[in-house]
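Colleague: Work the whole structure out from these sequences, hints included.
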Amino acid sequence: MNSVESVCVAGLVAIVQIGAVLVGGPLLLGVMRKVRSRLEGRRGAPIHQPLLDLRKLITKQRLRPFEASWVFGFGPVILVATVAAVAAISPLATTRPPLGQSSDFFAIIFVLLLGSVFLALGALDTGTPFGGMGSSRAMTVGALAEPALLVAILAMSIPAHTSNLPALVRIGLAHPVVIASPARLLALGSFLVVILAESGRLPVDNPSTHLELTMIHEAMVLEYAGPDLGLTMLGESMRLVLLLGLLVNLLVPWGVADRPGALAFVIGLVALVGKVLLAGVAIAVFEVFSAKLRLFRLPELLAGGFILAVLGAVTAVVSR
Amino acid sequence: MSSSPFASLLEIAAGLVIVCAVVTLWRRSLSAIVKTLAVQGVALGAVALILGLHQHDGVLVGVACLIIAAKGAVIPTLLARVLARDPRSRESTPLVNVPASLVGAGALTVLAYSATRPVVALVATTAGQLIPLGLATMLIGFFSMIVRRKAISQIVGLLLVDNGIALVAFLATAGVPLLVELGASLDVLLVVVVLRVLAAQLWSRFGVFDLDQLRELRD
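In order, the protein sequences belong to chains C and H. Going by our numbering, the first residue of the first sequence is number 680, and it counts up by one from there. Going by our numbering, the first residue of the second sequence is number -6, and it counts up by one from there.
One should not assume that every hint holds.
Stated by the list, open to error - Some chain C residues judged to face chain H by a derived CB distance under 7 Å, without partners named:
1) P861
2) P978
3) V997
As the list claims (entries may be wrong) - So these bits of chain C aren't anywhere near chain H, every CB distance computed over 10 Å:
4) L701
5) L736
6) R849
7) N885
8) V931
Said to hold, decoys possible - Among the chain C residues that face chain H by a calculated CB cut under 7 Å, a handful are:
9) V856
10) A859
11) E979
Hint data in this document are derived by calculation from the structure and do not stem from the laboratory. No residue lacks a Cβ here, since even glycine has one placed at the ideal position from N, Cα and C.
Modeller: Given below as structure tokens:
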């Protein structure tokens, strides 16, 4: 295979992965809302409703607060851009994504954090009390979730001797015993807690409420309207689908394409959609049966996630 | 890194024991704590069962069934019957708050690992490498007994210590003789019954399970 052709293939893989996350994010949100409303005895909006919402928001007039600076407009753009960049180089449908050698787990997490930080800065930018409140809460949750995530990645990296994400998935594929090791399982449990916290899902934040005393994420994006709000929604849903995609590929890597070739890639894509869909439905069912934690109880949940990661890391160090 | 399904299963079962110990510190609802204890009993039995099946040791398999019955069913049922008087009771004000005690549990685990380093170096098998988990469970049990105030939580702490000791025994020596195991189990069962009576007395006298209410001894 000559170099021009391989560059084209790599670009195609990146575009397909970005496209899958781009369309899959809103659709997963729709599916989760549908499952939730069905279980609650409602009929619920159609699954593609978030896409329709997005179309409506994107075509609206751009409206920004008078005092807002460039940071305000930058927030949603950076959120979507970072998620798209990570989606391109992550092992989602194939274990050999373009620039795969640079998709280090730690680096990816920090790139994703850049989006959250800019969103928080954008919310602070207008100087409204709600934005500041939402930002401070989101950053508190983030600061508590971050150590758990870093230790969890450490726990996964020690047995594999690498923190390169495609390599972690490949090792799981080659040696299923590694996945069944307590280090990997505990770390993934911790990762799940962090995903729920970072994407504002139920025990941490209620995504369907606008009650000002309890909300975290919705308070942050309260000032956004029109295309900016659309981008924020899109970025958040894309991040959820991306993180879930990484989680399922680390937990059950089977189906992901390990060989070059169009057929393997398509199978990997279908497997990815199925696995993420299952994970999303499971989270939605869990949300029906759980209530939002009080803000002051959140450290307990996240400390629990942290301790799972620490146990995983300690186990990994000893059974190395 | 583990290499065989046997080692992997053993690691998961032993890992479940310590995770359950941590979860008892994490949860506040006493009934959830008792349920977690039942899961831990089953996990402990699974460790013995896996070891017994791997070594073709019939006695060990019998002991495993005994443990699953006693620690997974009988003792939790006894505790649950005490709790039935006040099903919504919670460990509301532990001396150390929950996040701090979770971090403490992490520190105790690290301590257990560093303290058992010479032992682990001595035993080359997978089971031997898991000995620190038993010690960590034991330390977390002690910790739970120190910082928790309700009578039920104290019993749970004691049972955590016992489970930790049993885990170390299984992993280090591939099972103690049946008679010793029977004696230890009956001993713990007796302690649980006594503490259960104490908790019931506390409840009927004061309407709480809180041991801090016991300021002085009277006849």
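Colleague: Is the nearest Cβ of chain H still more than 10 Å from the Cβ of L701 of chain C?
Modeller: holds (37 Å)
Colleague: Hint validation: P861 of chain C versus chain H, beta carbon distance must be below 7 Å. Holds or violated?
Modeller: With Cβ-Cβ at 3 Å, under 7 Å, it holds.
Colleague: Have a go at the E979 of chain C hint: is there a Cβ in chain H nearer than 7 Å to its own Cβ?
Modeller: Interface hint status for E979 of chain C: holds (4 Å vs cutoff 7 Å).
Colleague: So, V856 of chain C near chain H? Judge it on the closest CB pair being under 7 Å.
Modeller: holds (5 Å)
Colleague: Please check whether the beta-carbon of V931 of chain C is more than 10 Å away from every beta-carbon in chain H.
Modeller: V931 of chain C clear of chain H: closest Cβ-Cβ about 16 Å, beyond 10 Å.
Colleague: Checking the smallest CB distance to chain H, is L736 of chain C really beyond 10 Å?
Modeller: holds (39 Å)
Colleague: Is it correct that the beta-carbon of N885 of chain C has no partner in chain H closer than or equal to 10 Å?
Modeller: Holds, since 21 Å exceeds 10 Å.
Colleague: Hint validation: A859 of chain C versus chain H, beta carbon distance must be below 7 Å. Holds or violated?
Modeller: At 5 Å from the nearest chain H Cβ, A859 of chain C passes the 7 Å test, so the hint holds.
Colleague: Decide, holds or violated, for the assertion that all CB atoms of chain H are farther than 10 Å from the CB of R849 of chain C.
Modeller: holds (15 Å)
Colleague: Once the shortest beta carbon distance from V997 of chain C to chain H is found, is it less than 7 Å?
Modeller: Holds: closest Cβ of chain H sits about 6 Å from V997 of chain C, inside 7 Å.
Colleague: Taking the least C-beta to C-beta distance, is P978 of chain C closer than 7 Å to chain H?
Modeller: Result: holds, 5 Å to nearest chain H Cβ.
Comparing the model with each earlier hint shows no violations; every hint is respected.
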